[in-house]
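K.L.:
So the protein sequences, as listed, match chains A and B.
Per this note's numbering, numbering of the first sequence is gapless, rising by one per residue and ending at 211.
Per this note's numbering, numbering of the second sequence is gapless, rising by one per residue and ending at 262.
It should be emphasised that the hints constitute simulated quantities derived from the structure, not laboratory data.
A few of these clues could be false.
As the list claims (entries may be wrong) - Distance ranges between label pairs, derived from CB positions: (1) A:Y188 x B:V247: 53 to 63 Å; (2) A:I183 x B:I60: 27 to 37 Å; (3) B:Y254 x A:T144: 31 to 41 Å; (4) A:G82 x B:G233: 53 to 63 Å; (5) A:D150 x B:Q179: 26 to 36 Å; (6) A:V187 x B:V72: 24 to 34 Å; (7) A:F52 x B:V72: 32 to 42 Å; (8) A:Q156 x B:A214: 27 to 37 Å; (9) B:I60 x A:T131: 38 to 48 Å; (10) B:M6 x A:T96: 49 to 59 Å.
Beta carbons are placed, not taken as given, at the ideal position from N, Cα and C, and that holds for glycine.
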Amino acid sequence: MDRSTVRDFIVGLFVLAGLAALAYLSISIGGFTWHGRGGLELSAGFDETGGLTLRAPVVISGVRVGEVSNISLDSNYRALVNLDLDPTLQLPTDTSASIVTAGILGDRYIELQLGADDKMLKSGDRINFTESAVILERLIGQLVYGVTKGDTKSGSAQSPTTKSVNTP
Amino acid sequence: MNQISLLGNRTIRLVQQLGNMTLFALAMVAGAAKPPLRFGSFVRELYKIGVLSLIIICVSGLAVGMVLGLQGYHTLARFGAQRSLGAVVGLSLIRELGPVLAALLVIGRAGSAVTAEIGTMVATEQLDGLRMLSINPIDLIAAPRAMAMLAVMPLLTGLFILCGLAGGYISGVQLMHGDPGSYMSSLRANVDFNNDVAGSFVKSIAFGALVSIISTYRGYTSAPTSEGVSASTTSTVVIGSVSVLLLDYVITALWGV
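With the rest of the complex left out, here is chain B (with noise of 0.2 Å):
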């Protein structure tokens, strides 16, 4: 008996949170959208979450994309086919990699960062502070830096899977001597717009949303102690990296891209 009820618990607990997040979401899409619009601070953002993330993305991006090449050569070279080898590297960047591991990096980078700084300001009382001169810290805090996660979600994505096809040219050409030109005729033959390109724009644009989400959310409610900012930043590393993963799931299943 005690357990069922531990469980209603939970579960109105879940559906009560997940209410919660949307109606910030809608809160901060609404306090974007109104004036003033709070461009500087959305371009500070946009620093600090794209410019700052760019060494990280590029880095892991050209890392992932020479394994894959290398990987890829020698498992197409059981079956002679390393003539394949852009098609490779390039759909399972686009369609699969690219997002994923562009918003799990973006998650660890500027996620978590974020959370910790709303989450501090929450601790030090700097959101009661605004409150009290009648400035909404959705309007100030939180919306501008989710627009800015948002925005720089497809940007990351579209240069973590330039630096991995570098990647995979680097190993898969100049390493392992394959031919130059089939490495870019087979990419260029088997990667389709409509088909793999846009459905990686879709993935990027949705992660970005969840994480912007998940990140400003989470340090909103954290609680007012360092334990509580410990406990959110940790959180939202866990729950993004999850519901990423779990989302590409469900698009690639739904909509099979």
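So that you can see chain A by itself, here it is in the shape it has in the complex (with noise of 0.2 Å):
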């Protein structure tokens, strides 16, 4: 091999080396893939979303299946929140969805619950069974309350955590 051709073979190596890298870089540390995540378009209407943000995960029994790709209000100015979900999946129509909370202080999450019903969630459908995040600090302030107001209505606080169906 003479000097040019030594050379080239460096640059191509070189060239490779960077490619490499930046393939590295894109599927392995950034999980590029050529489908794209999502496919399975989910939209489910929340109460009280408290501090979910975009891109926050949505996990089945602590397995992330996909995530919030979006966040609005409806006509009824309730929460909008539109799941973006791995499409291999096989959601009931009566899976229910909430808003928890990793930790006592950590990120928002949704957890999804799958139902038993035979038929099963298409792209675009609503999930109509959902549970609204908990407030802490409302929380901690219907407790308060209940304790300042004595024995006689300790209880009435309804708990925020009731299942809260909404027609669709």
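Quick one: dock chain against chain with the hints and give me the complex.
P.N.:
Here's what the structure looks like:
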């Protein structure tokens, strides 16, 4: 090999190494996939999102299956959360979505609990069974309020974790 | 009155220079696209600009990553969040430090050399010689260098980031005895292709274009004296560095990458 061929070979190696570095960053670290992660687009209405953010994870039994793609208000001024999920999921129509917190002050994420219906949710469907976020401050406020009111009305403070079922 | 007309004159000259630079860039793109495709000189410039910059890129990347790992570890330890070290090192390298520092290193290592080389050709009337042979010096001299610099920038940025991640691993995990699993898992969990890695590509390509235009244009327009060559080499480094940092802010502010 003369000098020019050696140089060309080194340049080739350099380009390959650079492309390999970019590919590693994209695929292994960035989690790039050709078809994209999402595909199954569902929505769910909540009374309170409590600091849920875009791209927050959606999990089933603790396993990440998608992310929050949009948060907006619907015509009744309830929070409408769009979910972008793994298209291979088969979710029954009575699946419920709840906003939960990782740890006591951690990030909000959405947990799906599978139902038992025979029919499956399709892209664009709405999850009808939802459970809103628990606001810790409000909970403490209600607790304090309940204690200062004394025994007369204790227990009347409505639990914020009551499931709200909204009719579509 | 005199001051105001001086300001006006300066402004006109600035706009004129920006316009000339844009026309020069368009001429280079046209020169690179039309046959003959000067592939040989492109590869030669890839070697000079890319391969010979590898050592400085890798060593700097490793050092920056090691410092990030060490500093990040101490800072995160105050909050008991050492497990997020991978995310801290990875996100700062991928989103900011990788593209910016790689561009600054390429300006210092290769951009100045390109300017000095073309400037010397101007001073020794080699470009006039080419024009006399009716060869456009933009096609033959400037375009391959600019294209090579543009092509090299994303590759060098990727290698810089990779070396930085390895450096963060060395200092944060090996030296400080952090947890190797949580370094990699927090890195993978927090770095997203669309939001972080793609933005890094966009930045490195934008910086590559900027640096290649500035360094070739400065050389091409340098005064044909030894003083002129030295002044244009200096201005490549100064203007290039400042405009990379400013453009970095603009890209981050506009598109949040």
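K.L.:
State for each hint whether it applies.
P.N.:
Here is how each hint holds up against the structure:
Checked against the given bound of 53 to 63 Å, the beta carbons of Y188 of chain A and V247 of chain B, roughly 59 Å apart, stay inside it. Taken as a hint, the range 27 to 37 Å is violated for the pair I183 of chain A and I60 of chain B, whose Cβ atoms sit roughly 59 Å apart. At about 35 Å, the beta-carbon gap between Y254 of chain B and T144 of chain A stays in the expected band of 31 to 41 Å. Taking 53 to 63 Å as the suggested C-beta distance range, the pair G82 of chain A and G233 of chain B conforms, at roughly 60 Å.
Taken as a hint, the range 26 to 36 Å holds for the pair D150 of chain A and Q179 of chain B, whose Cβ atoms sit roughly 30 Å apart. Separation of V187 of chain A from V72 of chain B is about 48 Å and departs from the stated range, judged on CB atoms against 24 to 34 Å. Evaluation of the 32 to 42 Å hint for F52 of chain A and V72 of chain B yields a pass: the beta carbon distance comes to about 34 Å. With their beta carbons about 51 Å apart, Q156 of chain A and A214 of chain B fall outside the hinted range of 27 to 37 Å.
At about 46 Å, the beta-carbon gap between I60 of chain B and T131 of chain A stays in the expected band of 38 to 48 Å. Range check, M6 of chain B to T96 of chain A: Cβ separation about 57 Å, and the 49 to 59 Å hint holds.
Consistency with the previously given hints fails for numbers 2, 6 and 8, ordered from lowest to highest.
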